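2 protein chains.
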Amino acid sequence: MLRLAVVGHLARTSGDFNLSDMPGGAGRMDVLCRCVSASFFLSHEFRRDVECFLVLLGEPDAPKIIRFSGEHLRYLSPDERSAGSLIKKALSIPVGTEYRESTPGVSVRRGGVSDIVKEYPFAVLDEGGTDIRTIETLPDSYILSDHLDFTPIEMDLLAGRDQISVGPCAIHANHAITVLHNEIDRRGAGW
Amino acid sequence: MLRLAVVGHLARTSGDFNLSDMPGGAGRMDVLCRCVSASFFLSHEFRRDVECFLVLLGEPDAPKIIRFSGEHLRYLSPDERSAGSLIKKALSIPVGTEYRESTPGVSVRRGGVSDIVKEYPFAVLDEGGTDIRTIETLPDSYILSDHLDFTPIEMDLLAGRDQISVGPCAIHANHAITVLHNEIDRRGAGW
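Just so you know, the protein sequences line up as chains A and B, in that order.
Numbering that gives the first Met the number 0 numbers the first residue of the first sequence as 0 and each following residue consecutively.
Numbering that gives the first Met the number 0 numbers the first residue of the second sequence as 0 and each following residue consecutively.
Hints are computed from structural coordinates only; laboratory data are not their basis.
Model, not experiment: these values are computed from the prediction.
Here a beta-carbon is modelled for each residue, glycine too, at the ideal position from N, C-alpha and C.
It cannot be assumed that every hint is accurate.
Restricting the straight-line Cα-Cα distance to at most 25 Å, the calculated cross-link-like pairs of lysine to aspartate or glutamate (DMTMM-like) are [stated by the list, open to error]:
1) B/Lys88 - A/Glu58
2) A/Lys117 - A/Asp155
3) B/Lys117 - B/Glu44
4) A/Lys88 - A/Glu135
5) A/Lys88 - B/Asp60
6) A/Lys88 - A/Glu50
Some residues of chain A that are not near chain B, with every Cβ distance over 12 Å (derived) [to be verified]:
7) Arg33
8) Pro93
9) Asp130
10) Asp148
11) Gln162
12) Ile183
13) Gly187
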């Protein structure tokens, strides 16, 4: 099982955002939607062995965590609006500290970075880390940030974790997920 | 200069499509929008040394080619609607066989696969090709298909070209562009 967590620093935490204005009013929710798509889609298949967590820290009801579970996920298409629509539904139901399913394979709960980092041994995907191609045994959990850097408080929470880089340039979070998948796919196929 | 051409077999060729229905009424225009975004965006920069060509073969006025030129490109954000909006504008102006600019850095003309393959020495990005990591000198022009395979006629037009694969799995066209960029970035940075 590959686990990916993406921190959305400004991402809206209620379901009242407009699917046609995700970069604006929804706090760069478009970035997170592309991360969901990159996490799961192959050309003619779906990566069932992936979980993708979105940690939403924006107005008005932060923090919330949405979990996309590939094993049970339904109704997701590769386009941004499709992921956005499932996120809207997840953000429209009442939440507590336990996951509650909003649509098949999508669940939501209260929680932030300090909670999720206790639950999985995330490596940090960051352009300043060790080149992924040189790492003998890859971790199976990764955390990365949206278009903003991790805050100093988040950096403290992530101190001591493996830092892994997919390449020499700072790239978008969804692109980093795509390159990570490529490296894992290659190793799995013996390339 | 890196040149990328993506063939949109069903992609609408008039500007009357709805930005909120790009996977449906616009003939999977969402795929092409993600390819444009993957072609140009770094985290905090823009890849000016890239040209991205969309070859649109859908109803009602095929074929058309839209060229995105990184050097002059403006008004492009990473989200699908942003690229879709520039495509709509390009498809709304009269076209001939010469490129005509619709917005800064975006031009459109009549033309199809048989035209563009004469103009650049495209390698074919395809999962059945030679592993990109084993190729000593990478080409600077690549053609790839949207969610559909190249047709037999297109395969004939592309016969004899280098076939290059970015990994062992069949992945979406935008993901292939992202992995291609990663390989080129690594070589450029001496990784």
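Hint check:
Between B/Lys88 and A/Glu58, the direct Cα distance comes to roughly 34 Å. Violation of the 25 Å bound is thereby established for this hinted pair. A C-alpha spacing of about 13 Å is found between A/Lys117 and A/Asp155, which places the hinted pair at or below 25 Å, so the restraint holds. For the given pair, B/Lys117 sits about 32 Å from B/Glu44 by alpha-carbon distance, which is inconsistent with the 25 Å threshold. Between A/Lys88 and A/Glu135 the alpha-carbon distance is near 40 Å, which puts this suggested pair outside the 25 Å criterion.
At roughly 38 Å between alpha-carbon atoms, A/Lys88 and B/Asp60 are farther apart than 25 Å, so this suggested pair is violated. The suggested pairing of A/Lys88 with A/Glu50 holds, with an alpha-carbon distance near 18 Å, which does not exceed 25 Å. Distance to chain B contradicts A/Arg33 as a non-interface residue, since its nearest Cβ pair spans about 8 Å, not more than 12 Å. A/Pro93, annotated as away from the interface, keeps every beta carbon of chain B farther than 12 Å; the closest lies near 28 Å.
The Cβ of A/Asp130 sits about 6 Å from the closest Cβ of chain B, inside the 12 Å cut-off, so the non-interface label is violated. Non-interface call for A/Asp148 relative to chain B: violated, since the shortest CB-CB distance, roughly 10 Å, does not exceed 12 Å. Every CB of chain B is more than 12 Å from the CB of A/Gln162 (nearest about 16 Å), matching its label as outside the interface. With a least beta-carbon separation of about 10 Å from chain B, A/Ile183 fails to lie farther than 12 Å from that chain, contradicting its non-interface assignment.
Not every CB of chain B is more than 12 Å from the CB of A/Gly187 (nearest about 8 Å), against its label as outside the interface.
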